[in-house]
Every structure is written in C-alpha cells, then in structure tokens.
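J.: Residue-level listing of the chains:
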Amino acid sequence: MRKSFIAQNPSVLTFLLCLAAFTLGVSLLAEGFGVGLISTSFVKTLGKTLCLCLVAIAMDLIWGYCGILSLGHFAFFGLGGYMVGMWLMYARTEIIVERSLAQGVIPPTPQEVVDGIGSQIFGVVGSSEFPVIWMFSDSLTLQLLLVLLVPGLLALVFGWLAFRSRVTGVYLSILTQAMTLALALYLFQNDSGLRGNNGLSGLQNLPGVTAPQSAISLWFFWASALALALGYLLSAWVISGKFGSVIRGIRDNEARVRFLGYPVESFKLMLFTLTAMIAAIAGALYYPQAGIINPAEIAPIASIYLAVWVAIGGRGRLYGAVLGAAFVSLVSTWFTGGQAPDINLGFYTLQWVDWWQVILGLSFVLVTLFAPKGIGGLFDLLKRGDKA
Amino acid sequence: MTHSLRIAYRQSRALIACGLLALSLLCLGQPLAAQELGPLQQVLQQDADLIVKSSRTSIGPVIDRIVASGLPVVPAFLSAWQDKNIWQREADGLFFIATEGEGRSYALTDLDSGSEVGTAQKDALSQLKPNSGVRGLIATALVQFQLSDPIRANREAALTAIERRPAQELLAPLRASIASEPDAVLMARKLRLERLLTIGYGADPAERVAAITQMSTDLGVDVRAALNPLVSTSLKVATDLPVDVNVARRLVPGTDIDRLQAYDMLVAADLAPARRSSSDMKSLLAEHVEGGTVGGVALARLSNPEARIIAYAALVQEGKVPALVSDEDIDAALGAHVFFETYAEPSPEVTDAARAALQSIATRVDLNQALDLGLDAISLASIYFLAAIGLAITFGLMGVINMAHGEFIMMGAYTGYVVQQVIPNHTLSILVAIPLAFAVTFAAGVAMERLVIRHLYNRPLETLLATFGISIALQQLAKNIFGTQARPLTAPAWLDGALVMNDVVAISYIRIAIFVLALIFLGFFLFLMKRTRLGLETRAVTQNPRMAAAMGINPGRVNMLTFGLGSGIAGIAGVAIGLYAKVTSELGADYIVQSFMTVVVGGVGNIWGALLGATMIGTLQKGIEWLNPSNTLAAQTYMIIFIIIFIQFRPRGIIALKGRAAGD
Chain P
1 MRKSFIAQNP
11 SVLTFLLCLA
21 AFTLGVSLLA
31 EGFGVGLIST
41 SFVKTLGKTL
51 CLCLVAIAMD
61 LIWGYCGILS
71 LGHFAFFGLG
81 GYMVGMWLMY
91 ARTEIIVERS
101 LAQGVIPPTP
111 QEVVDGIGSQ
121 IFGVVGSSEF
131 PVIWMFSDSL
141 TLQLLLVLLV
151 PGLLALVFGW
161 LAFRSRVTGV
171 YLSILTQAMT
181 LALALYLFQN
191 DSGLRGNNGL
201 SGLQNLPGVT
211 APQSAISLWF
221 FWASALALAL
231 GYLLSAWVIS
241 GKFGSVIRGI
251 RDNEARVRFL
261 GYPVESFKLM
271 LFTLTAMIAA
281 IAGALYYPQA
291 GIINPAEIAP
301 IASIYLAVWV
311 AIGGRGRLYG
321 AVLGAAFVSL
331 VSTWFTGGQA
341 PDINLGFYTL
351 QWVDWWQVIL
361 GLSFVLVTLF
371 APKGIGGLFD
381 LLKRGDKA
Chain U
389 MTHSLRIAYR
399 QSRALIACGL
409 LALSLLCLGQ
419 PLAAQELGPL
429 QQVLQQDADL
439 IVKSSRTSIG
449 PVIDRIVASG
459 LPVVPAFLSA
469 WQDKNIWQRE
479 ADGLFFIATE
489 GEGRSYALTD
499 LDSGSEVGTA
509 QKDALSQLKP
519 NSGVRGLIAT
529 ALVQFQLSDP
539 IRANREAALT
549 AIERRPAQEL
559 LAPLRASIAS
569 EPDAVLMARK
579 LRLERLLTIG
589 YGADPAERVA
599 AITQMSTDLG
609 VDVRAALNPL
619 VSTSLKVATD
629 LPVDVNVARR
639 LVPGTDIDRL
649 QAYDMLVAAD
659 LAPARRSSSD
669 MKSLLAEHVE
679 GGTVGGVALA
689 RLSNPEARII
699 AYAALVQEGK
709 VPALVSDEDI
719 DAALGAHVFF
729 ETYAEPSPEV
739 TDAARAALQS
749 IATRVDLNQA
759 LDLGLDAISL
769 ASIYFLAAIG
779 LAITFGLMGV
789 INMAHGEFIM
799 MGAYTGYVVQ
809 QVIPNHTLSI
819 LVAIPLAFAV
829 TFAAGVAMER
839 LVIRHLYNRP
849 LETLLATFGI
859 SIALQQLAKN
869 IFGTQARPLT
879 APAWLDGALV
889 MNDVVAISYI
899 RIAIFVLALI
909 FLGFFLFLMK
919 RTRLGLETRA
929 VTQNPRMAAA
939 MGINPGRVNM
949 LTFGLGSGIA
959 GIAGVAIGLY
969 AKVTSELGAD
979 YIVQSFMTVV
989 VGGVGNIWGA
999 LLGATMIGTL
1009 QKGIEWLNPS
1019 NTLAAQTYMI
1029 IFIIIFIQFR
1039 PRGIIALKGR
1049 AAGD
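In the order they appear, the protein sequences are chains P and U. Residues 1 to 388 in this note's numbering are what the first sequence lists, from first letter to last. Residues 389 to 1052 in this note's numbering are what the second sequence lists, from first letter to last.
Isolated chain P (complex conformation):
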C-alpha cells in the first residue's frame, strides 16, 4: 500500500506549521487587532506576497515538475484578477449609482440603474454600454466561477493547440509568451470591454462592507494564507501519486513516456489547465489587495519574473517556489520602495531604485550558472551536513 502523500512529503507539515505561525503572528501584530506593529499597507504587501507564492507553486508544478517553461501563467493570474475585479467594480458602482439616483423624487427603474452604472464604469473609455463579457458581473457566484472557467478554458484551448502539434521546449516558451503578449495588447485596447489601459480600479473596497481597511486587509490576508495552504496541499498530493510520477517522467524523457503508452499530451494539458486555475485563484485574491489591475500587469515580463522567482527559490520542490517568490518579491519591494539607504561612493551616489534591477538581473545569471538548485539547494546542504 502506498504511503499517504503527506508522509511522502515531510515538508508539507513543516510548511503548514510555518505558514500557520506566520499568519497568527502577523494577525496579532496587525493594526486590525489593535497592536499596530504592522501597518495595514504592510499587511496588504504580505497578503499579496502569499498570493505570489501561490502562483509560484503553480509555476513550479508546470516547470519544475513537468519541464514546461510557461511564460503565460501570469496572464492567467491577471485574468483571475480581472474576473473578480469585474464584480467588485460593478457591485460598488451599483451602490454609488443607486444612492445618487435615490436622491430624485421618482424612484429609478432597473434600466436607469444599469445605464447609470454603465456610464460610470465605461465613461472613461467613451462608452456607456455594457459589453457582453460583463453579462454576469452582477452575480458574485457566477463571476467567481468565471475566475476558474475563463483562464481554465483559455489554458485548455491554448494547451490543446500547442501540445497537439508537439511544440516543446523553448518553442513552447516563446509561444506562451506570444499568447501573453496578445492578451495584454488586446486588453490595452479601449474597446476590449475591460476599460483599456485604465484597467479596473477601486477594487480594495468591498461593496456593502463598512469595515475599515485595516480589518479588510486582514480578511484577505487570511484568505490568501488559506489559499496558499490548500494550494500547497493540492500540489503535494498531485505530485506524489501516479500522476506525479508520469509528469516527472515527461520532464525527464518525454519520448520514453510516450512509448510506454501514456497519453503525454493529455497529462500535460491537464497539468497546464490545473496550474492556470491555481494561478487565476491567486490573482483573484491578489488584485483586491492591490486595488487596481491594468493590462501592464499581464505584460510578458511579469511571467518571466515568475519564472525567475521559481528558479531562484529552487525548481522541483514546492517550498522552493514559495521561498523564491516571497524572498525576491519582498526584497524587490524593499529596494524599489525607496526604503533602502543610498550608498555614497564619493564620486557617485548609488541609488537602489536605479540599481536594484541591474543587481537582480546579474544575480539571476549567477544563480542559473552556479546554483541551479536555487535557495532550496541550501536545505540539501544542511541535510548532507546532518548525515556527515
């Protein structure tokens, strides 16, 4: 009999314990609980970081375990954000419009309310009609379903096309990058129905909720932590079973797995779609904390950064992806946020805002060359140290 998947991955329990301790610690110290050592904006940053860890896990599944370097997973992440953003924006505008129309003597008809919302949301792109893609935006349930369905369907169709014609390796990377670019360019248009380059904004306000941001930020922080925990468990389960063995086999020698009779394309397609959905959930939790989403978020470079995080953290191990995403994104925030002190070299003042990208790029080259296992590789060294 097979061991349970948790027994196979002892890191799962450690990870869950660490995550629980971290969540508890942040919650107790946060403004929302009155201690106030951690500001609301920093709680949001931490919550967003947890979402980035989740999408990094998805990336690790598809790249670290199956060898498909997808440069499109941040597009799925963004799509998830757009789907939930549509409901947030619609519901919030609805409240505002209803309140302003209620000022009049005659109560408004439903049509007048919808027209008012339409001109509020789309006035910025010179329109007031609701595009077809907004047809479910008044229903939270349906829109949450779309968070899974739209990116999932896109991944399914794209993956089916790509895997069926046996596009592999770097070609697949370039193709996914092209898909991401196409999506971003499409969303940049004003008539895309998603407000062009203005994107969706005001997402940090939960419609109908009067609680202060300090409380809302904690709720989202908890939701992100829960999603990360569930995502980690799901991923650990996926990679530990027979499915996991097959996809690792595909990574190591695709042709051999095919000759053994496994439908390689179906396995890849399933994993691609599953990870796209995980990415979309991460995005749906991320953007309400960020408050705004626009097409620039989806640009191909974001997906490449995702790959960078996973590579720095260490591919092929789930906690590596989490470590990489958390470490690089937090350090990036610190350096580019202007908090890091400038270094005065006498003849030139080194400003971190300007030089952080250079250092990141070069450190990335160094990691690829000299530490292909990333930060996660350090744990191997520790283990070896124990045995010796």
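Quick caveat, the hints were computed from the structure, so don't treat them as lab data. Note that the coordinates shown come from a computational prediction; the quantities given were computed from them, not determined experimentally. Check the hints yourself; a few may be wrong.
As the list claims (entries may be wrong) - Chain U side only, calculated, beta carbon under 8 Å to chain P, not exhaustive: (1) Leu673; (2) Leu687; (3) Asn692; (4) Pro693; (5) His843; (6) Ala861; (7) Gln864; (8) Asn868; (9) Leu1021; (10) Ile1029; (11) Ile1032.
Said to hold, decoys possible - These stretches of chain P come out as covered by chain U in the derived footprint (C-beta under 8 Å, 3 or more residues): (12) 96-106; (13) 167-176; (14) 303-315; (15) 365-372.
Don't be surprised by glycine CBs; every beta carbon is placed ideally from N, CA and C.
Once you've looked at the hints, dock chain U against the given chain P.
T.: Same frame as chain P, but now just chain U:
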C-alpha cells in the same frame, strides 16, 4: 487710464487737423477736389472711408472698383496695401506709400507717379492695417496681375494662391494668362488649375462636365477636393418633393433613415410636436407629485416603467402635461412628409458626372492604396528581418535563446546616438556608427557567450532565463546612463523626405534605405555561410559538434565567433531602427517577441525562412491594420493569434529542415 488718455489725445489731434484744414480752405479759397490728384488717388478717395475702416465684408466691391480702373499702378498699390505700406495723411486724407526715414519722419511716395513727394512726421500719418481677411481678398485680386508677371517666382506664388483659395473671378484671368506662359512646368500647372477651376466655376454645365470627365483619371487630392463639394448633399424634409432643386435621392423612414431620427427632423423643422424622452417624462412626473402619488399611482411603484406610463396617462387626462407622441402619431407624421437629399449644385448633369468621376477615381485610389500597402508591408518586413537576422544566426543556427538580443539592438541604437554627439555631421556619424555598433555588440556578444552561454549549451531553458537576467540588467543600465526619455538618432538630410509617386503612393527614403540594408545583410549572410571558412565551420558545428571537433574544428571558437556575429548584426540593425524610431531603453524589448516569431514562423536554421517569416508577419500586420485602420493594437493581437494557429499546421515553420538535420 492710459487708453482713455490716448483717445482724448487722438480726438484733440483730429480737432486740430480739422481746424487746420478749415483754415487752409479759408485761406486758399479753392475747393479740395480741384487739386491735381492722380487717377488712382481719385478712385481711392471715392471709397476712402471704406478703405480706412476696411473689413472683409465691405471691402470686396472697393477692390473690384480699384481693379476695374485698369490703371497700370494698381498691382503695385495692392501689394503695398497688402504689406501694410500704405499710409493716409491725416491732414488731407490722401494715401501714400510711406517708407520710414530718419527719426519719426516718413518719406511719402505718390501712388500714381511713383515719385517722392515729401516727408511727414509719424504723428501726421495713419497706417492702413488690413486684417488677414482683407489681405486675403487683396491677394486674390493681385493674383490676376501676378499670373502674367515677368518674374517666374511671382507667377508660381500666384498659382499657389489660387490653389489655396480657388474663386470664380480667377478663372478668366487664369485662362487669359495661359497662352503667354513661357515656362513649360508652370504652363502644365496652369492648364491643370484651369481644368479644376472650370469644374467648380465653369460658365455652362457642358463645359464643366467636359472638365470633370477629363480629370476623372487623376489621383490628385486637389481633384477630389474640387469634386467632393459637387456631390455633397444635405438632408431635408418637406411636405411635397420640390421641383426646382437637384434631388440626390428620396429617403424612406425606417429603411434609409432611422424612424426616430426622421421624426426628430420633423420636430426640428416645427412640422410635428416634440417626443417625450423617458427622462423628460420622469421630470414631468416629478413636477406633479401630490401627497405621495403621481396621477393616482404611489411614488414607490414608479420604479416600474409601466406604472410610469399609467401615471403619465392619468396626468394627460387631467390636462396637466402634454400628451405623449405615440408610435401611430409618428408614423402618420412620417407618412405625410418626404425626406430627401439635395445637392448644393443645381445642375444634375454636373452632379452625375462628378459622381461617376469620383467613383472611377475611388477605384484607382483603391488600387494605388493596395500598392502603397504593399510597400508599407515590405518596409515593415525589412525592419523585422533586420531585427531577426541576428537571431536567425544565434537562435536559428546555434539554438541559443538569447532574450538579450533586443538589448543588443538597443545598444547599437545608443551607440549611434553617442557617435552623433561626438560627430555632428549626420552622414559621417552614421558611417562611423555602423561599424562601431557592430564592434560594440560583437564584443558584448562574445563576452556573453564566453561568460554565460558557453556553460549552458545543453540547458536551453536556462539559457533563456540567464539571458533574460542580462536583458533586464542591460535595460536598467541604459536607463541609468541615458535616462528614461527618448534620445534622437537623426538621419542624414539626404534621407529626409519621401519618394512620391502620386498623391496616394509615397515611401520615405529612410524606409528604402532600410530595405536596401536588409538586402545587403541577406547577401552578406549568404556569402558568409556558403563561401567562407567560418561559414563552413559554423555549419559543421551546427550539424554535429563532436564530428566537427574530430575534423580539427574548434567548436568553442566557432560558437564564440558565430554568436558575436549574430550580436554584431543586431547592433547594426539597432542603428537602422533607431533612425526612424525613438531610441529608448525599451527599443529592443519592443522587437524581441516579433523577432522570435519571425524566426519560428519562417523555420529555424534557414535564412530564407527568416526572410519569408518577416515578409509574412509584415504583410499580415499591415493587412490587418488596413482592415481595421484605427487600431494597431488589435492588428498585433490578431497577428499573434494567427501565428499561434499557423504553427499548428507547420510546427517547424515555413521552411522546415528535413531528415536528420532537423534533429528533435
């Protein structure tokens, strides 16, 4: 304060002038008219008031009278007037050409004799300052004199003036000047202009139709500008179709014109009562709220549109609000009137001919636009080809995914910019920049190959990531050094302008230069690969590195040189791209995806594939832009989707390697 003072001063001055005039009249005891005035001066004095207070609306007849006098000095006077050189002597109201002399004194020149007749202080003169509208009319009047001017430049200026503001009265002088035109070029221009003026202002329809037919094969924008006003229509409504106007067509409400729009026209023409929009209805309802109900309907129920109609109907019954216009009312009103479009031009022969001519011109314009589009596509393809040719070497031949390729293009462009800062001569600086850009990026490429890529030859996905790291580092470095704003890379003056074939087809010399450059590179690449030792060794290493090594080729050295070569070509492409696009740190990133697409679509490992790929992508993008000209973003989106689908059918590109060389 100062203003009112000035007015007071002027008034007092005028009083003194009047007094002096009266005094002189008294003293001399003879009427002013008896003075010896020149013929032009006499003509001017008749309209002196209108001339001094000239306005666009009133000056026309005055100018006509001046011109009609037929005096030889009229053109000189008109151009002096236009140039604000005519001054009026306040003492006697006579006009002179005044030129500024010593101090505040002006030398006065008589209009008729052209001889100097004395000087006057500035205080005693007032300048005629025709506004731009009046000057335009003067210019039009001047044109007929300039058309036969002995100086060629003046005649040319006159033709330009006519082209800019064609007018009926210019037709006759233009025709008169054609026979005496000595210059062949101007002669042709005059003949063409005569035809165009005839279209608009010819005396009888037959003459105009002839001119229209004659010009119906001409692609010039001016021909269309002359024809378009003839076919422009205005939408009108009447109870019966009038007989005295040139009707273009009748419109049936509901099919040719929206019913409600037609009804609104009736309302605007006071032929029907106004419709009530739902917001009008809402505000009228709000005005008649009585104790929580409107027309007997509770306020809370009025969120239902049907309840609103019931409430409004009740109000109508009480006579408090005007009745709603029902659909039947609208239909009845529409049925009782005719809607039609009329031409401003009264003659139907002329409008028919103009329509036919415009149609035949439109067909030709379409054909020429297709040609223009083809040229655009070729030039875009050459840009993609230039950007991709270096990749065709590093990615196509060596299989190295170099995400920093775009940054090599950027480095080349910045090299060009820096060279231009040192060498101000644009031609020379470009000639220096091209080899220098090659040297810089060649060195960068070699360094990158030695330090990074060499260690990753069997890990292509990691090459992608490592080169991406280099790419973001280089981009940020460029930002730190050159700032975020775009830097100019100016093309030499001889590349300015465009090769104009007609008013539709034109291609800028810079694009031709880029096309030529792309051809040169293609030739260079073919020569290098097929005719040189390096090419032979490169091909050998590409096909089988171990076997090549066994034959005494050093694969490391060949790889290094090949990669350097691909990078160097990217640098030169950067100079070319920088010439027509702004140089920014993102210049390369803008081309990187398209470049990879070009190589993948064309077929990896084959230069002809890259050429075909670039042609296909360039043509596609221009073609889609032509279908939806307002939206280049959409064009790129659809193009990428098309490419993703295309790869379904030819996964290995247009030109796929066959057999063992294809590998797997």
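J.: Tell me if the interface restraint on Ile1029 of chain U is satisfied: Cβ within less than 8 Å of some Cβ in chain P.
T.: holds, 6 Å
J.: Hint check: is the beta carbon of Leu1021 of chain U less than 8 Å from a beta carbon of chain P?
T.: holds, 5 Å
J.: Can you verify the interface hint for Pro693 of chain U: is its Cβ closer than 8 Å to any Cβ in chain P?
T.: holds, 5 Å
J.: Are Asn868 of chain U and chain P close enough, Cβ to Cβ, to be under 8 Å, as the hint says?
T.: At about 5 Å, which falls below the 8 Å cut-off, the nearest Cβ of chain P leaves the hint on Asn868 of chain U intact, so it holds.
J.: Quick check on Gln864 of chain U please, does its C-beta sit within 8 Å of some C-beta on chain P?
T.: With a minimum Cβ separation of about 4 Å from chain P (threshold 8 Å), the hint on Gln864 of chain U holds.
J.: Closer than 8 Å, Cβ to Cβ, for at least three residues: run that test on the stretch 365-372 of chain P against chain U and report holds or violated.
T.: holds (count 4)
J.: Ala861 of chain U was flagged as interface toward chain P. Is the shortest Cβ-Cβ separation under 8 Å?
T.: For Ala861 of chain U, the interface hint holds, since the closest Cβ of chain P sits about 3 Å away, which is under 8 Å.
J.: Please count how many residues of the stretch 303-315 of chain P have a CB within 8 Å of a CB from chain U and say whether that reaches 3.
T.: Since 4 is at least three, the answer is holds.
J.: The stretch 96-106 of chain P covered by chain U? Criterion: 3 or more residues, Cβ-Cβ distance below 8 Å.
T.: Holds, because 3 residues of the stretch 96-106 of chain P bring their Cβ atoms closer than 8 Å to Cβ atoms of chain U.
J.: Can Ile1032 of chain U be said to touch chain P, with a Cβ gap under 8 Å?
T.: holds, 6 Å
J.: How about Asn692 of chain U: closest beta carbon in chain P under 8 Å, or not?
T.: holds, 7 Å
J.: Can you confirm whether chain U covers the stretch 167-176 of chain P, using C-beta to C-beta distances below 8 Å and requiring at least three such residues?
T.: holds (count 7)
Checked against the numbered hints above, the structure breaks none of them.
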